[in-house]
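Under our numbering, the first residue of the sequence shown carries the number 1095, and numbering increases by one thereafter.
Because the hints were derived from the structure by calculation, they are not lab data.
C-beta: ideal position from N, C-alpha, C; glycine also.
It is possible that some hints are incorrect.
Said to hold, decoys possible - Pair ranges (Cβ atoms, derived):
#1 A1580 / R1459: 36 to 46 Å
#2 A1580 / D1407: 44 to 54 Å
#3 K1360 / R1253: 26 to 36 Å
#4 A1406 / G1629: 19 to 29 Å
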Amino acid sequence: MASRARVRAPELIGKGGWLNTGGNDLTLTDLRGRIVILDFWTFCCVNCLHVLDELRELEERHRDSVVIIGVHSPKFVHEADHQAVVDAVERYGVEHPVLDDPELATWKQYAVRAWPTLVVIDPEGYVVAQHAGEGHAHAIEALVEELIAEHGAKGTLRRGDGPYVPPEPVATDLRFPGKAVRLPGGTFLVSDTTRHQLVELAADGEEVLRRIGSGERGLGPDSFNEPQGLALLPDGTVAVADTVNHAVRVFDPATGTLETVAGTGKQWWQGSPTAGPAREVDLSSPWDLAWWQDRLWIAMAGVHQIWAYDPADGTVAVAAGTTNEGLVDGPAAEAWFAQPSGLAAAGDRLWIADSETSAVRWIERAADDAADGYVVRTAVGTGLFDFGHRDGAAEQALLQHPLGVTALPDGSVAVADTYNHALRRYDPASGEVTTLATDLREPSAAVLADDDIVVVESARHRLTRIRLPEEAVRVESVAHRTQRAATDIAPGTLRLDVVFQAPAGQKLDTRYGPSTRLLVSATPPELLADGAGAGTDLARDLVLADGASEGVLHVSAMAASCDDAPDVEYPACHVHQQDWGVPVRITGDGAARLGLVLAGLDAE
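Required output: the full structure, derived from the provided sequences and hints.
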């Protein structure tokens, strides 16, 4: 093996303590002799959820020599609540120890800048690699094999059972339900997400009438994988966002049959087709669905876009969004979203819960009514880092990671304000935001039922019926910003270096041109006098505007590497990608270089 920089791994510290360890605290000394992979994640982040799924196979294959430790590092205030972390660990089937680090102590010790980030520690306690973003499972698998061989030969590898202790199962009819739809007969169909099933409940929202699906992860005729969104189709069938299967399914309540209509079961990556026959195009974590303007619209949370499926010709295509994460309005093809997770059709508007920007947005036809001319607009929300619970005029109102929207009969919109544990309302006529109900544990969706609204109370594992109030509930206003500390940078020119080292046995794929991509922008845009835009070099000089004091640098990087096998005509290739939102503060003694690690170790 090539020699590596010997960087001792800092200790694991988290005020919230340890989960999935049977009540035991862990230290790196306890883990000496094992290969440790730290997964810095937060449960709001769909990219983090992708990495959890990427690691499952590696975790199972090397269970006797590798210990994965989830380090939960919150973005939103709600994610710093210990019980919320406990819920998320169960909700997403995390089967390894998790350190709850609400104050980002370990995040800071490891100089992490993005969710998700993976850090590999060798059996002697040294950091040997860091990877930001998705698509690194193959590289980490190769590194693990290398480390097993090296430390097995040295006698420093210790095999055996890991420290994971599963929690006791809890008996409830639903377990972290995601979305619901009311069927024509008055019953409710609910996505029972953690149990990989659909459940039909009686009109009272409580009695279980039947379960659909085996309860095992899969893409077969009787299986789902963490299903979320549901949409009633004109023919009485129900479309299902089968989220972790990266597919859209259709369930027929009359016959009980289940059919895949869109997606291949594989996750979409940059460079993959964005339109075509629906069963031949990859999708990425579809989270919700809505029938609007004769098409099935898909909140494609995994790539920050809105897609649409046309059943008339069996095709699927991107309808809005660039894959860049943020809040930018305008023509649909140029708009930015951030993990859209809820949809609701209402007349000439398609309402969107854009969760990571804590925003309510909508799509409508452009004024010139072009054939497919749509525009995106924002009703509530300002961007990735501002959130809270504040009512009043929409331009200053605040939400916290909403996951659902519901069109109300009077033209207003109910919002499942998930991390505020509240049901909110936005009225387009008055431009006001109000609170309809509080004390709802992580509401993720709501559905109308006559004069009531039935809320999917996800973290209480139930549907909760609420009479729509004539007057709003008054709440104390609270505003928050992300806990992440700003990076101090010097005025003038800032050198941006995205570090990417091709994994062992791989090389950059240059057969069809440049294999790397870098996109830079800023909030506010005036932060950068020069250097914004797209390019293929992973290093760039950014010129900060005179007089600028603070803001956020948005950096999106991608690199494609292939197996270095000259004798193979079509070697296996792998895409590595990550989006960073780096809060910065400009000070005289700040750094003149910003290094972001996509894969490898930063030498500077």
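(request) Determine which of the earlier numbered hints do not hold for this structure and return their numbers in increasing order. (result) 4
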